[in-house]
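Now for the letters of each chain:
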Amino acid sequence: MNPSFAAPLCAVDDMRHTVQDGKLIVHARKKITEADPYMVAHFPGRTIYPGVFILETVRQAVVAALGERGGALADVTAVRSLRFTGAMHPGEELVVTAALGNSEPDGTVSADADCRRADGSAVARLVLEFRYPAGVDE
Amino acid sequence: MMLVDQVEWLDPGRALRAVKAISGSEPCYQHLPPGLPRERYAYPVSLIIESFGQAAVVLWQSGADAGFTGGETLLAFAAARDCRFEAHAYPGDILRHEVEFEHAVSGTGFAKGEIWVGDRRIATIGSVIAVRRAGLTRPR
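Respectively, the protein sequence lines represent chains A and B. Adding 27 to a residue's 1-based position in the first sequence gives its number in the working numbering. Adding 37 to a residue's 1-based position in the second sequence gives its number in the working numbering.
One thing to keep in mind: the hints can contain errors.
Stated by the list, open to error - Listed next, the in silico SDA-like pairs over lysine to any residue satisfying Cα-Cα at most 25 Å (straight line):
hint : chain 1 : residue 1 : chain 2 : residue 2
1    : A       : K50       : A       : G118
2    : B       : K149      : A       : S130
3    : A       : K58       : B       : A116
4    : A       : K58       : A       : S148
5    : A       : K58       : B       : A113
6    : B       : K149      : B       : W46
7    : A       : K50       : A       : H116
8    : A       : K50       : A       : G97
9    : B       : K149      : B       : V168
10   : A       : K50       : A       : P117
11   : A       : K50       : A       : E119
12   : A       : K58       : B       : M38
13   : A       : K58       : B       : R170
14   : A       : K58       : B       : Y66
15   : A       : K58       : A       : A68
16   : A       : K50       : A       : A114
17   : A       : K58       : A       : T135
18   : B       : K149      : A       : T135
19   : A       : K58       : A       : L127
20   : B       : K149      : A       : S108
21   : A       : K58       : B       : I131
22   : A       : K50       : A       : D141
23   : B       : K149      : A       : S148
24   : B       : K149      : A       : D139
25   : B       : K149      : B       : I131
26   : A       : K58       : B       : K149
27   : B       : K149      : B       : G163
28   : A       : K58       : B       : Q67
29   : B       : K149      : A       : S137
30   : A       : K58       : A       : D40
31   : A       : K58       : B       : L69
32   : A       : K50       : B       : L112
33   : A       : K58       : B       : L47
These aren't lab readings, by the way, just hints derived from the structure by calculation. Fair warning: this is a prediction, and the values are worked out from it, not measured in the lab.
The task is simple: from the sequences and hints, build the whole structure.
This is how it looks when you write it as structure tokens:
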């Protein structure tokens, strides 16, 4: 399902969330396919899921998990750290496990996302921050 | 996925200013139904970072001692740190990347900078890192 906000592609095929030690854990999967926007040109003859699309998968999953507040969605306010350790190719499946921190006094929620292939091999590690726009009611 | 329109100013290997116009006809907007709140049209952070990263690659390759020889070498986005997003950008806005190249070592380039729309800073980029990966060359 396409996200209800501007996005380069639908970067989440399915998702669920669990609670562990009082923390919300978001689980998301995305099958890499050449049919997605931008993929044919990245790169011609050797298609690789852009690293920023891994960020997009995490973003879409966390935004969906946090949900709407007063009709507004949470924004990515920071990429504290992001490291790619492997490339994803068509036919592979990206598996994201993102642990959400508790809300800070200013409403910031951190997401620590571990990204792997279905075989468990590491692809990326991201720490992002999200926050609802100012003025949105709790 | 070319997300840099023009380099406006270049100090080879050191700094550049590049721009990218955001258009409502871009693929990232095509799936949206009419009538959504304006905030839903905020240009995705992933594409803002990609645009900045492409400008940083242009800057790296412009350096005389960059060492890019023999065909087109593709660079992979390896890492980023301390990127803060302060405001949204929307269709009709022009992203202005102010990029500084910090240094390169062993095929890894480090850059930082800021992203502006008009007189409003929308993001600060603490560090983006690109690497030349073995075998990652554009096919002829």
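> Hint numbers the structure violates, sorted upward?
Replying inline: Hints 1, 2, 7, 10, 11, 16, 17, 21, 23, 26, 32, 33 are the ones this structure does not satisfy, whereas the remaining hints hold.
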